[in-house]
Every structure is written in structure tokens, then in C-alpha cells.
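Peer 1: Residues per chain are reported as follows:
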Amino acid sequence: MSENIFEVRNVTLRFGGVVSLNDVSLEMRRGEILAVIGPNGAGKTSLFNSLTGVYQPQEGSITFTGRDGKALSIIGQKAHRVANAGVARTFQASRMFSALTAFENVKIGAESHRGIGVLGAMVRGPRTRRGEKDSDALTIELLDFVGLRAKANVISASLSYGDRRRLEIARGLATNPQVLLLDEPAAGTNPAEKIELTELIRKVRDVRGVSILLIEHDMKLVMALAERLYVLNFGSVIAQGTPDEIRANDAVIEAYLGSAATAEEK
Amino acid sequence: MRAFLRRPIVRRFFMIGAAMAALEVMTGPPGSTEAPTAGFAGSFTQPSPFFGLFSTVRWVVFLFLAVVIWAIVTLWSIQGAAIKRSVTTVTAVPRAATQRKSVRRGLGVVLLIVALILPHVITDPFWQAAMVEQIAVYVLLAMGLNVVVGFAGLLDLGFVAFYAIGAYTTAWVTGALPTPPLFGVDLNPFFAIPIAIAIAMLSGVLLGAPTLRLRGDYLAIVTLGFGEIITIFANNLYGITGGSQGTGVIPHPSIDLGPLHYVWGLTPVPYYYLTIVFVVIFLIAFSLLEHSRVGRAWTAIREDEVAAESVGINPLKYKVMAFAIGASTAGFAGVVTASQSNNIFPSSFTLFFSINILVLVIFGGMGSIAGVVLGAVLIQTVSMYLLHSPPAGYQSADLYIYLGALLILMMIFRPVGVLPSRRRKREIGLAESGEGHMDEVLTGDTP
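Each protein sequence line maps, in turn, to chains A and B.
Take the first sequence: its letters are residues 16 to 281, numbered as in our numbering.
Take the second sequence: its letters are residues 3 to 449, numbered as in our numbering.
Worth flagging that the hints you see were computed from the coordinates, not collected in a lab.
Fair warning: there could be bad hints in the mix.
[To be verified] Sample of chain B residues facing chain A (criterion: CB under 8 Å; computed from the structure):
(1) V296
(2) D306
(3) N316
Predicted model, so just to flag it, every value in this text is computed and none were measured.
C-beta: ideal position from N, C-alpha, C; glycine also.
One chain only, chain B, in its complex shape (with noise of 0.2 Å):
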């Protein structure tokens, strides 16, 4: 019976059947003064249609859940130990490398095509608005705390500092603060572009080069505290930034070159396609990099910053490129919100949506683009549903209960990401066998 219960396919059961009973409760009525345990009763004996087909009480639904849910982690730990099999013997034959290449290129022109037809299949306005804010920003974003965290390694909690300061910049440069613009004149907001991602990357560098001397926690704490820092700047710097009241209007842009003209407006699509454009040239820039001496000297420091230095490497500078090359694409992901959706409030700026991506990036899969992408699309997509046609009783806040439980989750069953990177997929196999210095680097320990 006991060796029966110790089986991992067992424990795992519990463990998810535990995790339901807590979401049964969370999600379930509210208790009263004078029966205060009649809410935690009835999470679990209230009538519930299931799925729409018939009625039942709320554990069997919940326990069906449990067992889908159980069922899918089984056969994907079953791919999980194919992985760390892997980890032993990969010899990587060339041309198989090149055919997964040129698979991985037809894929991503597939997706592409999807992604420009889209809009003209999904035509709802709420949709169309949250393909551009909620979903196209966000796989910018995610993509750039991607080099942060997935290629450097390092644990940035206030991405949001430089989404925000590309923002301001454009308010700033396009005359839509109290104070007056950088030039004097009111710019358009194309031209918002380099001055935001130039003044995020510097940010980024004069954040960088102090603190990244710091290890693991302590640079998560520091990062935490600067995100902070923006947002109540933003907020208290009335006479600069407008407060909580927001910005004034930021011009929409417009390109006027002789016959040329054409005028960004209050429909979301022609910003969808324009953020495409820059998702794609991001995209490309970036796996080139992965690819690079860059990436593989981020992947040496990342592994073993002791041995990096003993050829050469200085770890600090690559860190600080990182965190700039992170910084200035949230600045242009700024720069889009802003002269997208006119104004612009501190209160938009918080922890939370650092949180936020922090977790598109590992539930994709940490340095590992297409994961982070894929990512981004799928968790906004349903936070977005969510929003749209709230099930029963679901409040937006709720949102951050479900992360946190999803991010839990895939910590426990599936830490590599759902799309995880073959070098992350190694490293992680290697240090679950205790090999390597992954852990070393993580807990900071490195002599």
C-alpha cells in the first residue's frame, strides 16, 4: 500500500487533486457570520452544471478536472524523461540540423501569414484592440525580457520600468506632458522610436552596471525596487509627468512624405500590422543573436562564470548588454502603447504586469524565442477570453490567482517551458543530475 502510494504517478494524482479542492474553495461561495464554514461546505456541494451537458454537484466536476489534468502531465513527464535521456548522449548530426532549420523557417512564414490574415478573420473590435495592446506588446515584451532572463539569466522583476519609461518618452517627445517637449517641438511619434529605445537602453545601462554585480535574489530585489521607483515617479511628479491624472493627447503617427501619406487613426488593425513588423525584425535580430558569440558567451556566463572569465569573457559587460538590449525593446513596446492608446497612466505600470510577462517568458519557455512567443499568444489570448465573457463569478483580479497557480505548476511538471530551448532543456536536465554549475550560478555559490 505505502510503496503503491510513493509511485510518482500516484503522488502526482494527489498533488493535483489537492491543488483542485484549493481552487474549489477559491473559486467557490462566500461564507457568512453566522455559518462561517457553510462557504467552504458548499465549494464543494453546490449544484454545478457539468460543462453545460448535465447537473452535478462541484466535486465531480472538479474531480474531473483533476484526472484530465493528471492524465496530461502524465504523458508529458512521459516526454520529459525522453529529454534528460537526451542529455547523455546528443551528438547533433549536421544535416539534421540544417532540415530542422529550414522546417523551423517554413513554419514561422506559415505563422506570419496567419498572424497578417488575422485581422481580417477576427473582426470583433475587442478582439481587433487586443491583438495590438494585449497580445502583439506583450510578445515585444516578452521577447526582450527574454534576452534578460532566458539568454543572461538574470531575474529582472521590474521590466516594467522601461515600458514605462519608453512610454513617457513619447508623451515627453510628442508635447503631451506638462513640461515642455525635448525639442522644443511637438514630434511625431515615429520619431519617439529611437529617441525611447535610445534614453531605455541607457536606463537600462545606468541600472545595470551597479547592480549587476549583484547575484540571483539580490538583483531580483533591486530590479523589484526600480520598477517601483518609475511608477511612483510617475505618479508624484505631477508637474512632469501629469500624475495619476495621466498624460494630455499623444498624437497618433503619421508618415507625410510627399505622395506618401498615411495617418495611424483610431482603428487598432493598421497598429497590428505595424507592431508585426517590428515583432518580426525583433525576431530575427534577436535569434541572430542567440546564435552569435554574444548568445554563446551569455550561455558561458550563464553556466559557468568562473570558467567565462577564465577565457576572457567579462561577465559584467555582457550582463549590462543584455540588460540593455532588454530595456530598449520595452522602451519601443512603450512606445507603441502609448501613441496607440492616446494617454498614458502611472497606475497602468505596476508589479503585476512585470509579473506578468515574467511569466509568459518561463511558461514559454526561458531563453528560448519561439516558446516565449508562443507563450505570450496563448496566456494573453485567454486572459483576454477571460475578460471578454467572464465565466460565472470570475473578477479581472482573479487573473493573477490562475498565474500564479499555472507558474506553480509548470515549476513542479515542466520547468524547460512549454517550448523549451534545446540549450535550457540540457542545462536543466544536466543539473537535475547534478552535473554542471547551473545551480551554482542561480544560488550565486560560484568561489
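With the rest of the complex left out, here is chain A (with noise of 0.2 Å):
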């Protein structure tokens, strides 16, 4: 069925002799919002990458089905090709084009999926004049969106850890993505940006009707976020379910939940 967005069948994913994923299999259903959870180097981060095409996984597969109901086969995919289908993210430590603005960050997100037309370019002709007037006004749109219509001007390296994980978000929507992609939203923001952070999610949900899978460490969020939870460790799934399932999972506790839990009340 492709109420589906996402389906990884048995993926594996090795780097020499190291396993990084095992025989891992998910679904997203298309308009949820999920979360894959584990404690560090459990491959949360290399299972985004293999969703979009960075890593190619040796075994398994991943099929993404768009809102027309096609379905492309990730792996063996460059990466371009796969954000073009429609799977926008962010990066854990998050990678702006520093040396241009807000604007212009978004902006290349909005005009990279239009074609090239190098001679249009040189001239401004009228399709190209047509394209910045379009792809101006989606910016401004997501810029108002995320809350950064103000900074529009600022270069994006000045921005702060909270300003810059928005923008991303931004310059991720300006694709127009069907699933968005977040690696550690949260990481290296302060309390007050995280609340702002948890709504920012949930709108781009609501509103934009973009499905979103989450990596995150901050439980809070988490918890408070998602409607289904993956749990990864060594590089297997070892749980999934909702939240309060997953609160009461054994096995989640012993290998994440136990240790992050007196962890996070220091």
C-alpha cells in the first residue's frame, strides 16, 4: 500500500568490516511525524544518509513513493536526484552556505529543483525574470514561515545555533519536500528555542502537509513530538511503537532510555 512514504526492507549497510545498519526495516506512513531514537553511533545518522541517497546500503531496500504514487528506489540514487523527489533534511551540525544571507540560502533551495537554462541566465530573459520573481516570493513566504523574515539580510554564519537550524528547515521546505528529514533539531539550542523548535515541527506538519522523521536525543522533544518511535542500537532495530509503548519497553530502557534518563536529571 502506499500510504507508505518510506519503506526500507532489510537494509545493511557496512563500512569495511564495521556493520552500521542491520537488517533494518521501517515504515512511514505518509503525513506522520516519526522518530528514530538510540544512544550515539546506534546509526540513526547513517540511516538519513541512506534515505537520501548519500550512503548506498549493500543489502535491502528503500523505496520512497511520492503524492503521485510513484515509487523510487533509493539506493543507487545520487543524492540531487533524491532531494529532487521530494526528501528535504538537515544535518546534524548544521551546513548553511555561510558566506551568503538568510535569503539567498533559501533561495537556492526554492530555484534548485527549476531547469538550468544557462543562456537565459546570461541574457534575463523572460522565463528566468519569471523564475527569481517565483522563487523571491516562495522564499519570502518560508522565511515568514519559520520566522526569519526579519534577518532576510543577515549572512547566515552570524546566525545563532536556534536561527540556523529554522533556516535549514526553510531551505529544506523551499524544495518543496513531501518528507523532511531532521538530524538532531534540537542539538546545541537553548530551552526557549527548543518550545519554538517543537512548534516550528509540528506547523510544517499541519500546515505545509510535509511528513517529518526525526533523529533526536532530547527525550522531551521527542516525547512530546512524535507519534511513532524507532528505536536503534548497534545498529539494529530493537523496538517501535508509540510513545508510551516505548516508555515502557524493557528493552529500550537497558539499552537507552536507563542511562539517558539519569543522564538528563543531572
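Reconstruct the complex from the two isolated chains, following the hints.
Peer 2: And the structure:
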């Protein structure tokens, strides 16, 4: 059934002798907020990189199904092809185009999926001008959406961590995605920013209809946001379910929450 | 004492002093087998006029030069510090931006008028020829290489290849090669322009598509090899290119449209105007390109290729595009040179040529069209001056010593170039303060 936006079947990813993902299977439904949690080195970011075409797993299959019902097998695709198909992402350590303004960062996302047209760009023909206008409008709309409109002309390197996260989300949304993959969006943000970020992520799904896949260490944020969770440990899925089910799962508590919970109480 | 010596301003003085001492030895008298150290000592103690004012010994002159350079560099680096500060809190005010734009446009028009009047002011035939062959054509070439090196951030050390391809294509279609012309008839060089551009662009794509997957140093080495291959082909394929004897006579371009009849002849001035027209066209096209989505995509790739891919930019496609645009510009410059100089020889398409163009781009400011044009005009004018009225003991090959020294000094003191582009300036400022992924992209360490 193509209600699933992602279908990951028995994916194994190795780097030499190191098994990063071991027979991982998961499903993501269209329109849900799904979280992947797990201790450091559990393979969360490897999973993200496999879903976006940055890494090529040796075994298994990953199928992305777009709104139009067309299925795309991710393994073997280049990262930019995956992005154009409707998979946007942010990075663990946010990767902005640091020397460009917030506006330019988002605009690059907005125009990357249009055709190229070098000659048009050289003479600034009518199609190029129309494209510029459309991208400008979308960029302003998205900066407004994430609450960065006032900082449109600020060089992205001088934005705060929280603002960089928002900017990355806006840049991802500019590519008109169907699913947004967020790699530890709350890392390095303060408690107030965390609350705003939680609201923003929920707004992305509710207002723009973009499904969210989330990796996060911050349990409070995950439990507040996610509708379903997968738990990874040593590259394998050890549990899945709703936040309440996960909280009660013994294997998870042992592998992850137990140590994390005590660490957080300090 | 130690703290004093460590101050950057003092350290800089000693570095410049050392560079000047090296220059003294390089330009000093040669030693002989009887007195091997005589040349070394003589480099410092030989009498020398002090810029024609009074006579003194060499080390005084060089010490004076060192102080002057040190003063200039110090003033310059104060400005450089201001650049770094601007990185942290830049906010572009739209009105200031438009004002800057109109100022720049006005300045451009003034410079264009100066360029148009220039051949009437400078009537020395040496300089008139130099203005076409060595300055205007080099401006074109530098602008083309700037797209590759400055916009897309790819190091191309074989740029001469595309220039040679343009020149030999012109010879081919006009029937100046031993091999029969492309269309069976000898064409006017004007028709060579689209053909040469197309062939240069095609060879850029053919070279680029497989090799642009490489990064940094590897790409530089492949392009270096390509440049050499083209020169060796031109030299050795005697039956096709005429070999080291060069091509036959390439005709001058002419316009023959009913009442409109004009032949570009031996005098360089009409060529100068023809080239200026194309320089202006390329200038406008490239600056529109820089501020289009293509230019932004190049910036994105240059700064963080992984992030660029994550928003759907195909890096290979854009890199090949930059390569093709650079190549076609060089191809066009080849047409101008070939039709103006009547015949061409493989010996003019050397590695030094590629490096020379690269120096113009780095000196002027990578990624800055205005900077690159200025760099090309400045350096080429100085090198032509040295050729025209050489100072005592100067030989034409010495130019490369000076260009090399200039490049080293630029890298140390002003890596952004004379007239840097704003984007590049910020990037280098950020890389120096450890932000951004610029350094990763250059070294190819991106995961």
C-alpha cells in the first residue's frame, strides 16, 4: 500500500568490517511525525544518509513513494536526485552556505528544482525573470513561516544556532518536499528555542503537509512530538511503537532510556 | 625583545626584507669559477643609482623598497582586518545596494569610454599591438578562467588548451591548415567564431564530464595534462596542424554586406574595437550569470557540496557547465588571436600561458569580474612595459620570477585579490575564523 512514504526493507550498510546498519526494516506513513532514537553510534545518521542517497547500503531496499504514487528505489540514486524527488533534510551540525545571506540560502533551495537555462541566465530572458520572481516570493513566504523574515539579509554564519536550524528547515521546505528529515534539530539550542522549534516542526506538518522524520537525543522533545518511534541500537531496530509503548519497553530502557534518563536528571 | 619580534608588524618587515634580499641575489651579478661568492657579495655591495637621483650601493636601494612595500602592506592589512570584522555582522541594506550598483554602472561606462579613446591617445605601434594581443585578449581569457576558478571553484591548469583549440579551429575553417577546411571552402574568420566556440565548449564538456568528479589537486593535474596534450598534438600532428612550423596564413576577417564593406587589416586598432565589443558582451553576460540561480548554485557547491546536493543541485552538471563556459570564452579568444596575428605556432600554447592567466585571476580577485579585468590590465601592462623598455639586465623569461613572487605575496597578504567579490571575501574570512566548509571543499575532505 502506498500509504507508506518510506519503506525500508532489510537494509544492511557496512563500512569495511564495521556494520553500521544491520538488517533494518521500517515504515513511515504519509503525514506522520516519526522519530528514530538510539544511543550514540546506533546508526541513526547512517540511516538518514542511506535514505537520502548519500550512503549506498549493500543489502536491502528503500522505497520512497511520492504524492503522485510513483515509487522510487533510493539505493543507487544520487543525493540530488533523491532531493528532487521530494526528500529534504537538515544536518546534524547545520550546514549552511555560510557566506550567503539567509535569503540567498533559502532561494537556492527554491530554485534548485527548476530547469537550468544558462543562456537565459546570461541574457536575463523572460523565463529567467519569472523564475526569479517566483523563487523570491516562495523564499519570503518560507522565511516568514519559520520566523526569520526580519533576518533575511543577515549572513547565515552570523545567525544563532536556533536561527540556523530554522533556516535549514526553510531551505529544505523550499525544495517543495514531501518528507523532511531532521537530524538532531534541537542540538545546541536553549530551552526557549527548543519549545519554539517543537512548535515549528509541528506546524511544518500541519500547515504545509510535509511528513517529518526526526532523529533526536532530547527525550522531552521526542516524546512531545513523535507519534511513533523506532529505537536503534548497534545498527538494529530493537523496538518500535507509540511514545507510551516505548517508555514501557524493557529493552529500550536497558539500552537507552535508562542511562539517558539518569544522565538527564543530573 | 622576543615579544617585540613576534609582533605581526615586525615579523612582516623581516619577511619582506628576506624576500627583497632574495630578489637582490636573483637580479645581482653572476659569480665566476674563480670567485664563486663574488656574485653573492656583489649583489649587495655593487654600486647602483638610487632611482636616478644619486648613486649608492644596491642594498640601500633594496632596503628602501622593502620599507615601501612593508608600509603599503601594513596599510592594506588594516583594511583586511576590517573585512574580517564585516563578516560577523553584515546586513545588506537594499537601498545602499542599489546605490552601489548605479555607482558601479557609472564607473563602468566611464572606463569603457576611456578604453574607447585610448588608441587615439597611445599611438606607439608597439602599445597599440600590445593592447589587442596582450591586454584585451588576456582580459577575455581571465574572464573565462574566472568562471571556472572563481565562480565554480575548480582549479584549471590547462586553460591554454581551449585557447589553442579556438585558434586552430579558426585556422581550420579558414583553410590555413594542411588538412582541408571543415566545409570544403575557406571561410571568413567571422564564421569561425561560432564554430570555435562550439568546438571549445564541446571539448570542455568532453574533458569535464569524466574528470570533474575529481576534486582539488587531482583535477588540477588532469587539466595540466590536457593542456600539455593539446600542445604536443599541435606540434607533432604535422600533416594536420602544420607542426612546429605553424599554420599557413589565416585571413583577416571582413564584412561584405552590399554597401557595408570593411576589412580588418594589419593595423591593430580595428581589432581592438572588435575585441572591446566582445569583452563588454561577455562582461554583461557573466555578471548576469553570477547573480542568477546558476551563480548561486556555483556558490552553494563551492561552499558545501553535500548541502548543495541535499537541496537538489547536481554538482557535476554545474561544474561541467562552468568548464564549458570557460572553455568557450578561451575558444573565442583563440579566434581573435588567430585572425589578428595571421599565423599561429604550437610554441605559443605553453603551460606558462595557463599559469599567466591564473595569476591574473588570483591577483585580481577570484570570482570578481571587475577584479579580474583590472588584474589582467594591470599585470599585462606591466609585463608589456618590461618587454618594451626593459631595465638593465632584465630578460623576458624573468617575468615568471616576478609573477611567481607576486603570487606568493598575494597568497600571504591578500588572498582575496586586489578587488575581491563580496561573496569570496566573506568565504575566506569565514574559513580563516574556522567557520564554513570552504576548506573542506578545497581539500576534498567532505564526507
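Peer 1: Now, for every hint given, state plainly whether the structure supports it.
Peer 2: Now for the hints, and whether the structure bears them out:
no.	hint	result
1	V296	holds (5 Å)
2	D306	holds (5 Å)
3	N316	holds (5 Å)
In this structure, every one of the numbered hints holds.
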